[in-house]
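Asker: Chain by chain, the residues run as shown.
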Amino acid sequence: MPIDVDSVREDFPILSIKNDGKPLVYLDSAATSQKPKKVINAVTRLYRKYNANIHRGVYRISELATGEYENSKKSVAKFVNAAGMEEIVYTRNATEAINIAALSWGEQNIARGDRILITEMEHHSNIIPWQMLAARKGAYLDYVKIDRDSYTLDYASLEEGLAKSPKLVSVTHASNVLGTINDVKSIARKAHEAGAKMLLDAAQSVPHMPVDFRDIDTDFAAFSGHKMLAPSGIGVLYAKRGLLDQMQPVLGGGDMIKTVDYQEFSSNDLPWKFEAGTPNIEGAIGLGAAVKYLKKLGMENVREHEKALTRYALDKLSGIKNVSVFGPEDVEMRAGVVPFEIDGVHAHDIATIFDSEGVAIRAGHHCAMPLVTQVLKRTSLSRMSFYVYNKEEEVDKAVGAVTKVKNKFMIE
Amino acid sequence: MDIYAEEIISHYEHPHNRGKLATANAEFHDYNPVCGDDITMFLDVKDGIIKDAKFDGAGCAISIGAASMLTDLIKGKSVKDVEKMGVHTVVDMLGIDPGPARLKCATLSLKAAQKALVSYSRTVT
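Residue numbers (the numbering used here), protein chains in the order written: chain A, 1 to 412; chain B, 1 to 125.
I should point out that these hints are in silico values taken from the structure, not numbers from a laboratory.
What you are looking at is a predicted structure, and each value in this text was computed from that prediction instead of being measured.
All C-beta atoms in this analysis are idealised placements derived from N, C-alpha and C, irrespective of residue type, glycine included.
Heads up, a few of these hints could be off.
Within a straight-line C-alpha distance of at most 27 Å, the following computed DSS-like cross-link-like pairs (lysine-lysine) qualify [unchecked claim]: (1) 74/A to 377/A; (2) 167/A to 185/A; (3) 51/B to 377/A; (4) 80/B to 20/B; (5) 104/B to 115/B; (6) 377/A to 80/B; (7) 77/B to 51/B; (8) 408/A to 115/B; (9) 404/A to 104/B; (10) 46/B to 75/B; (11) 37/A to 377/A.
Here are some of the chain B residues that sit facing chain A, going by a computed Cβ distance under 10 Å [to be verified]: (12) 2; (13) 37; (14) 61.
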């Protein structure tokens with residue numbers, strides 16, 4: 001069932017604001033998403049009706065808060081088809097999730113001379129933790145190349161990387177810059193055949209399309225709540241239970257222990273072993289509400305909606321003189337991310353002029369400097385990205401803003 | 001407010017004083033990680049006066065436009081005058097308030113010039 005975008009838009013209070021009389025056209029959901037009333041209300045309901053610490057109190061509202069926190073985990077586990085909530089560790093965001101994997105599993109399993117294989121398409125969150133680990137251990141960090149014509153991973157380069165027997169393959173499901181959707185199921189299979197573990201950066205996929213971690217057969221995965229209608233400060237590290245059992249906690253403190261004496265402690269059961277201290281309870285409850293909202297829309301429908309918008313935007317932009325668009329032409333293998341440039345105009349000037357028209361887009365290196373500066377040879381790019389609440393008229397407004405930029409800079 | 005005044009666009013498209021300065025005795029390279037603006041200031045300083053100024057690099061219209069105007073502005077000024085310059089100088093020079101999101105672009109060249117003078121005064125004293 002196609003998404004009824006006008007009724008979806010009514011669920012997002014922010015979409016009715018105006019700047020200088022111009023309605024907000026929010027085309028930066030790959031950076032962070034807007035929040036529906038269901039999520040806002042779930043968070044305020046906690047504060048108003050049952051705010052208490054979890055896993056502590058024996059009184060009614062603490063039991064309620066604990067129950068809702070755990071319900072959130074159960075629905076997130078189902079949403080990505082984890083085996084159970086034991087495999088869902090709450091973190092601040094995808095970045096922290098990848099760092100925990102590096103600091104725990106990486107610290108225990110990567111040794112001097114070992115290799116870690118990532119790709120040229122990665123966000124800094126899936127580069128820096130591995131650079132840091134490699135530097136600590138004396139390990140090597142290898143990159144799968146991007147095919148410069150198709151903007152997809154060069155699968156021959158993947159084979160070369162795998163032939164060096166990496167211990168870990170860490171790859172993005174969908175590129176936040178190009179939108180490219182990678183064939184991660186086959187990458188996971190090949191990684192396993194090469195004897196490597198697989199980590200999936202799902203920050204740009206879980207919010208936008210059906211994702212099944214067990215079907216992909218990834219060992220680890222990471223994503224952020226704030227990109228999928230939930231509050232910021234809540235994210236997920238998924239890992240197969242057997243791995244989480246072997247992994248040492250990274251942070252110590254309350255809630256991650258079973259018993260403590262003067263010199264030693266024993267770790268709590270999964271997933272609490274990785275969640276030291278009072279967690280982001282409101283964030284978790286907001287994430288639970290976000291998952292419920294997305295499930296009601298249907299992730300297949302979300303994907304179809306974004307595919308149609310992406311096709312529309314690509315067609316509109318590609319006809320404009322002196323405008324170039326990057327990323328795969330085929331929307332079947334592309335998420336709702338459209339990076340573009342206007343000849344002779346810096347991305348930040350484009351974004352500022354768009355803003356004067358009420359259109360919010362991202363400009364810069366998109367936290368993917370190797371991709372933007374080395375592969376695409378740009379200092380910065382402009383990017384529009386879509387979500388459930390965007391519609392074709394908003395793309396038209398963006399296209400109108402392109403004309404305004406060209407007029408200002410006297411470009412044909 | 002429209003920060004893309006015609007004068008700024010004109011300086012961006014035809015920048016003054018762009019390139020390396022062979023006679024420079026003070027220079028500083030600065031980078032704005034937000035925009036990716038990348039500017040090197042070259043100054044020729046003699047007896048406490050900026051005899052000549054040039055800049056090199058790449059960036060957005062605000063940073064390049066500002067660098068172009070600033071190199072015009074500081075030629076013939078004393079080192080002390082340039083050290084005293086601040087955000088208000090840049091706003092007056094551009095004729096617009098770039099706003100918080102773009103202030104770093106606008107002030108990048110002034111900061112580079114001031115840092116060049118700091119390293120210059122270290123070498124002469």
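Asker: Under the constraints set out in the numbered hints, which ones does this structure not fulfil?
Answerer: 1, 3, 6, 8 and 11
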